[in-house]
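Enquirer: These two chains come separately, so use the hints to put the complex back together.
These protein sequence lines map, in sequence, to chains A and L. With this note's numbering applied, the first sequence covers 4 to 542. With this note's numbering applied, the second sequence covers 230 to 562.
Derived by calculation from the structure, the hints in this document are not laboratory data. Using N, Cα and C, we set each Cβ at its ideal position, and we do this for glycine too. Any given hint could turn out to be false.
Taking CB as the label site, the calculated pair distances span [said to hold, decoys possible]:
(1) A:K94 x L:M522: 20 to 26 Å
(2) A:P509 x L:A419: 50 to 56 Å
(3) L:D548 x A:K6: 54 to 60 Å
(4) A:G332 x L:M522: 44 to 50 Å
(5) L:N265 x A:A429: 34 to 40 Å
(6) L:Q297 x A:K94: 46 to 52 Å
(7) A:K6 x L:N265: 26 to 32 Å
(8) L:H460 x A:H63: 33 to 39 Å
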Amino acid sequence: MIKPFAITLKPGTSLANLTGTWRTERPVYLDRLPPCNNACPSGENIQGWLYHAESGDYEHAWRLLTEENPFPAVMGRVCYHPCEDQCNRGKLDSPVGINSVERFLGDEAIKRGWKFSAPQHSSGRRVLVVGAGPSGLSAAYHLARMGHEVEIQEAGPMAGGMMRFGIPQYRLPRNVLDAEVQRILDLGVRLQLNSKVANIAQSMQDFDAAFLAVGAHIAKRAYIPAGDAAHIIDAVSMLRSMEGAEKPLLGRRVVVYGGGNTAIDVARTARRLGAADAIIVYRRTREKMPAHDFEVEEALQEGVMIKWLSTIRQADEGQLIVEKMRLDGKGMPEPTGEFETMEADSLVLALGQDVDLSLLEGVPNLEIKDGIVQVSDNMMTGYPGLFAGGDMVMSERNVTVAAGQGKKAARHIDAFLRGTVYQAAAKHELADYDKLNTWYYSDADKTVRPMLDIIRRQTSFDEIQGGLDESNALFEARRCLSCGNCFECDNCYGVCPDNAVIKLGPGKRFKFNYDYCKGCGLCAAECPCGAIKMVPEEI
Amino acid sequence: MGFQPIKFYQTGTYTVGNRLLSPDQRSVQAGESRSNSINSGHRACQGCGEALGARYAIDAAMAESHGQLIAVNATGCLEVFSTPYPESSWQVPWIHSVFGNAPAVATGIAAAMKVKGKTEVRVVAQGGDGGTTDIGFGCLSGMFERNDDVLYICYDNEAYMNTGVQRSSATPPSARTATTMPVGPEPGNAFGQGKNMPEIAMAHGIPYVSTATVADLRDLEYKVRRAMKMHGARYIHIFVPCPLGWGTASNDTIRIARLAKESGLFPVFEAEHGEVTSVLKIRRKVQVEEYLMPQKRFAHLFGTRPHPEMVARIQDIADRNIRKYGLLDKEAA
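Next comes chain L alone, as it looks inside the complex (with noise of 0.2 Å):
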């Protein structure tokens, strides 16, 4: 990820902001007058992972792009906390419209834009695993294969949270949800590819595909200022867990994201035009289990009547990551 050598601060480029650094090398989140995209009093649960990786991102492509954004959002978690008519958190404009078509509207108002000669405005479109993986798929696709000048940003907590936690083409396997109840000799959701958004944008060969957790803001709001300096199709799959649909403590929200790209299963990396260029290499290494074993969604894989072989697979899908997109130095591994 190369944005800043590490320099021996007390505490590195991991925090989120640092006195001791130039103001020019601090995060947008760490300023005072960062725009708070979303306000407070939105409706998400305690310690919602989407409420902070949407903040985070939007703050940041408004930053990039002097404050001429407009934002559009696919139904889901995101649009129903912030704005359940007629009140909104939100403090950018943005527009709602149905869940599946969320790239198509941003693909009009970057058309509309282009028209108008408004060439400063910038376009952003966002929504949960759902309306990206499941509902928004065609559209977005679409969106990709014109190369339509729009940033779109999925915030994956891996199933439908607010209609009840069900499944979705993003839950991972042996995940418990509503649908994929912890059941039978292979407790819940079966095991597969389901459907690997970045891969799949990366094989449209647009502009600009990477990866982000909410853990590491300094690499997340490095990538979203990086699409915002480009033109065309662009996609950032941002990794933000879910205390209500995970069943983890309102506080562990910022380390199971960390622990997902420790240990391997969300591998966090940037590609242009369908290559990877650079990838966030794992600092601590763990093993599934430490990521698995605080979710309630995963307890049937643990206790009093284990899954070890399931364990054993999750961890397969972890090390192939690692070997696959190179996430540890040679001399760590």
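The following block holds chain A by itself, in its conformation from the complex (with noise of 0.2 Å):
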């Protein structure tokens, strides 16, 4: 080479120069778990199955999040969205309205007919569910994913469990709830209707193992003395008898007597029968109410009243005795010995739910306590083989809990079956709000943020008003950070000083140069959403 005038070396790049050397601290990519995903009661990746709905992929959307939980219409419309309490959103400015979104992925799932995908292959094992209530459902859907033959058998006339005999109407459409037991038996699920399981012993012979989901129908009763001719029912008849073809009669002046959300479901829908006056009588205060706030409040929009800190101690023909309470230093209410009449045409009691657990006599090595059927981890009776969950195992009762013990059953089931264990993959860290760099996220704009309260409205007068639009149900999906998940945004790509971020092109995020990233960090203070880590380098 003939050089230039006074140059004696040929020119090089910097590329010798490996500065990764440098470094004493290396950045990592890592998936941190999510908040919503964290609450989830079914484990339903929320954040994966926003992902897509962010880009329109509805149908990616819905299939990842039926991989959890296969109801997404009625999780749509009763689910106490435990994951919106816990969006890091919130903090911001206010959650992302998973649920509307959940709901208008499971609409659209029924208004385009999506069905689930076949089992790859078949195990040729037989499982025996009981009780087609969202646990049983849940489990025989995962079960017959998992390539097993699965027969549910129901004492009731129709599938559903509480989501169809305990949710009244205007929270869950009933034609919502066919079209997702069918999609499930669409898999080949056998449903047996009318067919109550009298020994479990027996019933479980010609099957490899059973579940037992029969929820808790019975009505627990407090002692009120009652006149002849006092009007009391129970909360479960009452709403059971809504989807027959008589209505039940309360009369104009309808009490309710107990603070759960059965409670309110009974009031509200006493109301809508038609009841001028719906009053709840309730032992304690607000505070110590376990009806969820909101359905508190909408209750008291629709006008239904509440009486707090009385117990009704006697029922006659048209009135009641209540005796007035007052909350000890513990919290707990404590008699008064102070009596006053509260008129009344008939009674609801909805004081909890009992276990039916007769199907259980002589079933060996069980245990029963406080009539609650016992399981170990696996969620396995002291009989092997039967598993059971649901409302019979659960002290927190609601259908998304169901859910993910039907699932969680499934699970142990399917070990079961293959003579394994079931093991729970390793939670990843958390994805708190100090993880993420919230700079990069938009504000809702003040122009726009009333737009979004009316779409909030919308959602939570369900039924009244359709759920989201395609247009609103993309935008809310839009408003999730992704916490502690790379959404591909660019930045750690963007603001390497020294180039040492790879971008691996669309959906298959980044990795980083070692050999020339120096550790300076800025990826990791960068990154929106902290799903980039510091760790120290070994020396």
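Expert: And the structure:
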């Protein structure tokens, strides 16, 4: 090479200079657990399905969602969405409307007729599921997708359990429930209606395993001295009779005794049946009430009245005797000795439910405590191959928990059938708010926020007004911060002063080029969603 | 700044890229085919703001000129860390002459291209604040006055860093440098006007002047691309924090630049023919303390023997900028 004047060395590139040796800390990509996923009783990968919904790929989003929970259209209506309570966006402006997007996906699936994909193979094993409630159906769904043959035996005339006989229609239209149940049956699950299992040990002889999910259908009673003509019914039968042709006759003034969500449902249903007054009598205060706050609020908006710190001492025709209560130091109610009378055409008792355990008679090695079947960590009872879940083993009784129970049971049953033990994957570390760099998220602009509020209002007034339309759902999904999980914003790729981040292409994320990464940490500091962590180099 | 209205993508326009944006709306830096004008292996410190700002700016200029670009470099950190003879990180035609003459060299190259009829070839000159506000000042003013067809980019890290952090005429009041030690009744650099280079450039009435920071890539790219669409003398002043000279953590470079803008100490605006045409509004206003406290060069203003009166004077500077450039929306103020 002929070199110019005074130049003695060949030109070289700085690539010869491996600046990665300067590093004392290295950045690593990781997936952290978004708080919504962590809070979901059904273990849904919420951030994951929102990611697909954000790009308008609703079917992909729905398929990912239903890997964990087969009832998005039901959940989108009746779930208490603890995910939204934990949503990091709530600290920024207001939580992402996860529940409303879930409902949109569920409704979209029904509208478009999306079906679950059939199992890849057949295991040849047979599982009996007792009870076609959320827990039983969910277990049947997951077991069927794992390739097992599933038969559900249901004592009632229709599938759905408490979703049908406990949740009022104004919260869950039955055509929605029917569609989601049918989709599970389309997987090849056999459903035997009006088929009460009297003796589980006998019934499960033809099966390799059985899952008990009979729910809690027996109303708890309180002893209330009552005159002959007093009209007293329990909440379970009242809500159940809503499904029949004969609607319950409650009169103009209905008193509901209890403080749970069922009491609220009964009172709101009574209003819809034409009761001029629906009054809930509860022995403690609003703070102590187990019913969810938003339901109490909605009930109050609808004109339901609540009488706090009161117990019912006696029921007679047309009137009740109520004793006032006060809270003691521990927050427990104690009687005051002050009485008053209340007019009431009927009294509905909503004091909780018990489980009918008669089918378990004669099964060896069972342990039952306080009316609840005891199961080990893998949800198996003391009797090998007999599993139990749903309301009959849980203290927290709602549809989402039950569906999650069904999934969990299916995994354990599947492991049991294969002679192994199911090990849940270790949870990722939590992506809490301080892991985020919120600068990068758009503000919900002032001009837009009112519109957002209207969307919210629409979703909470559910069946009166429809759910989100496509553009609203897309908007809502895009408010997701993607906590702890890379959403390919290219920030790390952009902010690296050393070009030490390699972009792998759409959907493939990034990787670090440790030959040149100096470990400055800018990528981790500027990652909006906390998907990069700095770890010390081994020296 | 209105190059793109905010849409309710999950991250709006603040991130480098966004998979939900159509490709033509994405930044140059988000692209796998960006030119990476300064390649890996350069010897800038960890978290160097100047290395980052230079790649942002020159990549954008490369994209706008379709790769027909010649870059001239004044002496300074950027030249020293990128090109220790005989190796270089630059992946563009690049020339370095001496400290003070980068604008003149660029003028000459632009003239040569004109003579050769290569009108598609564009010229960018770049330097640090020392090479721009002190040593290259005369040549730069001449380049402006003649309206030569050069885009001059100043990467402002507010002192002479590669020689050991000496004061420049862009060093802010009360900052500690090797030559303005924190001693005496008013420790650090003296309060005074310094040289406000963007305003001096505006005073020349040249077609385009703007400021930017490494904290807002999209704004920076927009300004470089806009400048490259114009001809004549153009000037962009980019604020680039220096972890070494300022005593900040290497992962704080972008945050510090953001705080400089959000406090009002570094106004981000653009001007044409001497008049301000747009400003980047403050989004989340902060007091100057929030910007000053993470920097060791201002440590003597706080701690056991603090100087609140000096902090107040710095706040006055920020407040004056906010008033002068209208950095706050009325409702936010």
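Enquirer: Each hint: holds or not?
Expert: Verification of the hints:
Our hint of 20 to 26 Å for K94 of chain A and M522 of chain L holds, since their Cβ atoms are close to 24 Å apart. For the pair P509 of chain A and A419 of chain L, the beta carbons lie near 53 Å from each other, so the given range of 50 to 56 Å is met. Distance hint for D548 of chain L and K6 of chain A: a CB-CB separation of about 58 Å, consistent with the stated range 54 to 60 Å. Range check, G332 of chain A to M522 of chain L: about 48 Å between beta-carbon atoms, so the 44 to 50 Å window is met.
Range check, N265 of chain L to A429 of chain A: Cβ separation about 38 Å, and the 34 to 40 Å hint holds. In this structure the supplied range 46 to 52 Å holds for Q297 of chain L paired with K94 of chain A, their Cβ-Cβ distance being about 48 Å. Look at K6 of chain A against N265 of chain L: about 27 Å separates their beta carbons, and that is inside 26 to 32 Å. Taken as a hint, the range 33 to 39 Å is violated for the pair H460 of chain L and H63 of chain A, whose Cβ atoms sit roughly 49 Å apart.
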